[in-house]
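Peer 1: Residue-level listing of the chains:
Protein chains: 2
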Amino acid sequence: MQQKPDYIIAGAGLVGSLLGLRLAQRGFRVKLYESRSDMRKADISAGRSINLALSDRGIRSLELVGLKQEMLQHAVPMQGRMVHDVGGNLQFQPYSERPGEHINSISRRTLNVILMDALEKMQPDAITFNTELSSLDFQNFESVFQSRNGERFMHQNIPLLATDGANSVARKELMRISPLIRFNYAQNFQNYGYKELTIPPAEDGSFRIHDHSLHIWPRGHFMMIALPNPDATFTATLFLPYEGKESFAVLQTEESVTDFYSKYFADSMPHIPALTKEFFEHPTGHLYTVKCHPWYYQDQLQLLGDAAHAIIPFYGQGMNCGFEDVFVLDQLMDQKLSGEELFQKFTDSRKINSDAIADLAEDNFIEMRDKVGDPVFQRKRALENRLEKFDPSYFSKYALVTFRPDVSYHHAMTLGRMQDELLMQICSSGEEINDASLPEILLKLKKLTLENSE
Amino acid sequence: MQQKPDYIIAGAGLVGSLLGLRLAQRGFRVKLYESRSDMRKADISAGRSINLALSDRGIRSLELVGLKQEMLQHAVPMQGRMVHDVGGNLQFQPYSERPGEHINSISRRTLNVILMDALEKMQPDAITFNTELSSLDFQNFESVFQSRNGERFMHQNIPLLATDGANSVARKELMRISPLIRFNYAQNFQNYGYKELTIPPAEDGSFRIHDHSLHIWPRGHFMMIALPNPDATFTATLFLPYEGKESFAVLQTEESVTDFYSKYFADSMPHIPALTKEFFEHPTGHLYTVKCHPWYYQDQLQLLGDAAHAIIPFYGQGMNCGFEDVFVLDQLMDQKLSGEELFQKFTDSRKINSDAIADLAEDNFIEMRDKVGDPVFQRKRALENRLEKFDPSYFSKYALVTFRPDVSYHHAMTLGRMQDELLMQICSSGEEINDASLPEILLKLKKLTLENSE
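Protein sequence lines, in the order shown, are assigned to chains A and B.
Its first residue numbered 1, the first sequence is counted upward by one per residue in the numbering used here.
Its first residue numbered 455, the second sequence is counted upward by one per residue in the numbering used here.
Keep in mind that the hints were calculated from the coordinates and are not lab data.
Heads up, some of the hints might be wrong.
Lysine-lysine pairs mimicking DSS-like chemistry, simulated, CA-CA at most 25 Å apart [unchecked claim]:
1) B:Lys626 / A:Lys291
2) A:Lys263 / A:Lys245
3) B:Lys626 / A:Lys172
4) A:Lys245 / B:Lys799
5) A:Lys291 / B:Lys805
6) B:Lys745 / A:Lys172
7) A:Lys291 / B:Lys745
8) B:Lys626 / B:Lys717
9) B:Lys825 / A:Lys351
10) A:Lys351 / A:Lys291
11) B:Lys699 / A:Lys345
Model the full assembly from the supplied sequences, consistent with the hints where possible.
Peer 2: Next up, the structure:
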């Protein structure tokens, strides 16, 4: 290494690459180590899911590094949820009634490659692949990385930004010194696993099902979803309990999988030609939440992204939240903060919000698999759309989380939950809601907003 | 080793020794490894606190191994809380109005020595000291222990019972295979540390303060307690925040400690002659809760005691809960369960109850430092005593937890919390409660019991 880096970054995944790029733009010299091979050279898995929902918080961070337009060119807009019932009937639930408010299906690989390319354009040797954080020595402010062929890289007195993901080695090093820093930690696994399946393009190369939607097959205690890709494929994901009557445990034969799909997802079967093959060849993914605190050690280490706050994917916010970490860190750097003060302020500012989106994602898992098929919930969702149309200054909980980066996750959760409670109450009465009553409902909702303004 | 053991036990602390003894009594050959030296030969710390409150759940387990009477001979009964206000005024709050219901202050060392002696009487070579669990190989059902001088002991195909405490190595090995077993884990540190101080005997060899009480100096956001020892000393423990106006952070000089004690614990000062010396020489202890699940791996490993469920000490139930683990495991063995089925049933049965006592202990910390000095709470506690006197079949939450081993922790928590709510409601009105209204209150309480019978 010719020049001593200002920051070491563990992990060149989505958050690490964006962070490295932004720090380079700020004039810092960065050094990233990535445990995987370079995905641009080898056909390796880019991470735990193939495509992701990019929304306004993530987009704001991409705008910060000047890559918003380029990224959106590679994305497929999704305007709402397309709900498939057991009989194959479709119901479309738009995410918003305001123009331009949609989410974007984008490939994890595409995002990562564009970010790494942009970083290397500024600092060609920034990323070393096949090399993983192996240990931290907090007494001597030392970080040690090890390559797959045994080469060791040691850095002293250089702050480490750890974006090494849900299974973070840096976080395990904080765990090791738990009593010293009173490290609080919780990992919570869902009793659900997931399986990715492919919906290929139609013979004429077009999308087989409606392309501008996030498709959901809600079935109570399990569900399937599908997100479109630019190549006219969909990546479908089945979320299913590990144990029980309908579970991975009982789907052990091709016949049982076929029967299960015939019974619950019949309308999807013609679109998933390799169903049984993929079901048994693809690994079953785990779903878990990680919360911890503190995220830093003195001026030596800061956790960001999944390393600090791994969440389950049901609000489509894991990447968006990690990208927002970079945005917030950048803002704090604008305030001339550095060292331990920067890390402490960053942690204080982000912890409450990452906890909020973690909880919202757990709530939304129940909503997606269970409630989107429920009549009262559907009435409530329809009412939210009418309200947003009638008065675009009203934002539902979903809209606050997804389309309002200026509102914190924590505030979106607090306000959104109160709004939900009020609207569910109104909709559970079963009475028809006519347009004349909308202003009154909006008044009640506005009152909640005023009482809970940040 | 001449004979292959039936069970390996990691840790010969209180729970490990009791477990080893009980298994030996059941005819099993056991092998215990203890990381510390033999406390009977060297003057070493026996663990994190000097004395402990032994109550009916713990006593029941000691009765199981035939050591109840011997242990109680070494204990000092505590009939209630002696509350010291800032002015030095005393208020005695009995734990129960039923005769014989009290808790017992006993030395951790005495307990441990008697248990180890009893075990070695049956199996002289049962315990190897200075030897710690170093790793588990779940693929090959192998446990490896390492002595301080580098000797290694390896066991294959022998179930490991891990009673290696709050910082359990066995639990870390489960953590390592988290995704495989979907290992849920949470550690939560209090923002409080503790410091142990000594109240020596009076010049005539008698106790300096009332000997049959657990003394409490509640001061809102901090407190001191003191438990009597058979040698007429008390072990006092100060619980104080790490940071803030009154905290360990600000008590950095002898003068500040003296000022602090003069202001808040004036009546105790003449009784703690070595205050400043001990304050700076003794380590500051941490307080944390550990919850995890599952506690076992196949038929290879079972966590028990603090290794499975470390709790904070404010219900005086840490050891009692660990001892109850042994009682419950023994009961399940009576049902001829073994292997993975035994471990699974044990975990199912104990997890809900150790979660309950963990939560109760966190609640009680607030109660002890804050509420015991509060007039409404004091009225409620007095009412509970009157109710228990009027109708001995009524048990307060404290009494259910402490004196009713036949009622599970979880049931004691659920019922006790509802009782508390009802009584606090009654006592917060401020109205005088005359004896004539006791039957009506008891009727309401009985109704709660019936609605929540196990």
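Peer 1: Look at each hint and say if it fits the structure.
Peer 2: Hint check results:
Between Lys626 (chain B) and Lys291 (chain A) the alpha-carbon distance is near 18 Å, which keeps this suggested pair within the 25 Å criterion. A threshold of 25 Å between alpha carbons decides the hint, and for Lys263 (chain A) with Lys245 (chain A) the separation of about 13 Å falls inside it, so the pair holds. For a cut-off of 25 Å, the pair hint linking Lys626 (chain B) to Lys172 (chain A) stands: about 11 Å separates their Cα positions. For the hint pairing Lys245 (chain A) with Lys799 (chain B), the CA-to-CA distance comes to about 21 Å; that is within 25 Å, so the pair holds.
About 21 Å separates the Cα atoms of Lys291 (chain A) and Lys805 (chain B), which keeps this hinted pair within 25 Å; it holds. At roughly 18 Å between alpha-carbon atoms, Lys745 (chain B) and Lys172 (chain A) fall within 25 Å of each other, so this suggested pair holds. At roughly 14 Å between alpha-carbon atoms, Lys291 (chain A) and Lys745 (chain B) fall within 25 Å of each other, so this suggested pair holds. For the proposed pair Lys626 (chain B) and Lys717 (chain B), the alpha carbon gap of about 44 Å is over 25 Å, so the pair is violated.
For the suggested pair Lys825 (chain B) and Lys351 (chain A), the alpha carbons sit about 31 Å apart, so the restraint of at most 25 Å is broken. With a CA separation close to 9 Å, the supplied pair Lys351 (chain A) and Lys291 (chain A) stays within the 25 Å bound. Distance hint between Lys699 (chain B) and Lys345 (chain A) is fulfilled; the C-alpha atoms sit about 21 Å from each other, no more than 25 Å.
Hint check: violations occur at hints 8, 9; the rest are consistent with the structure.
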